[in-house]
Amino acid sequence: MTEARRYGVLHETLDDIGERTDVSLRCIEHEPEVWESRMQVTCECLSEGGALDNLERRHLEDRLGETVYARFPVQTRSALTVAHTLMDRGFFDEEELRSKMDQVREKMTVD
1 MTEARRYGVL
11 HETLDDIGER
21 TDVSLRCIEH
31 EPEVWESRMQ
41 VTCECLSEGG
51 ALDNLERRHL
61 EDRLGETVYA
71 RFPVQTRSAL
81 TVAHTLMDRG
91 FFDEEELRSK
101 MDQVREKMTV
111 D
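Counting in my numbering, the sequence shown runs from 1 upward without gaps.
It is possible that some hints are incorrect.
[Stated by the list, open to error] Just the calculated beta-carbon pair ranges, DEER-fashion:
1. Gly49 / Gly18: 31 to 37 angstroms
2. Asp102 / Ala51: 19 to 25 angstroms
3. Glu48 / Glu19: 31 to 37 angstroms
4. Glu36 / His59: 18 to 24 angstroms
5. Phe91 / His59: 17 to 23 angstroms
6. Ala51 / Thr109: 28 to 34 angstroms
7. Glu12 / Val41: 21 to 27 angstroms
8. Asp93 / Cys45: 20 to 26 angstroms
9. Glu95 / His30: 31 to 37 angstroms
10. Met108 / Arg58: 27 to 33 angstroms
11. Val110 / Glu48: 31 to 37 angstroms
12. Ala51 / Arg98: 18 to 24 angstroms
13. Thr21 / Cys45: 27 to 33 angstroms
14. Phe92 / Val41: 16 to 22 angstroms
Calculated from the structure, these hints are not laboratory results.
Beta carbons are placed, not taken as given, at the ideal position from N, Cα and C, and that holds for glycine.
Take these sequences, add in the hints, and give me the full structure.
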């Protein structure tokens with residue numbers, strides 16, 4: 001099974017966020033959006049709780065970001081890497097994540 005198929009729910013988000021267009025490092029020099037700051041806090045909590053060490057996550061972001069998730073904007077790679085790794089570790093599966101993402105999308109369209 002290919003990475004794209006195995007993690008289809010993550011690859012499908014490319015339709016929502018759009019493909020990476022800026023390949024320079026300038027794309028990471030911006031004021032973080034609220035979701036980015038919250039994602040970093042979540043990563044800190046995962047590291048503190050022992051679920052996903054920050055250094056390990058950064059190494060995974062580098063590896064996965066330039067291979068499996070190369071088409072995604074740089075800012076989204078933390079979220080993709082965390083979800084990818086937590087699925088690998090059995091915290092949840094693709095269908096559970098898809099269900100939760102559908103709930104969030106529905107809530108966002110109602111609000």
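**Asked** Which earlier hints can't be squared with this structure?
**Response** Violated: none.
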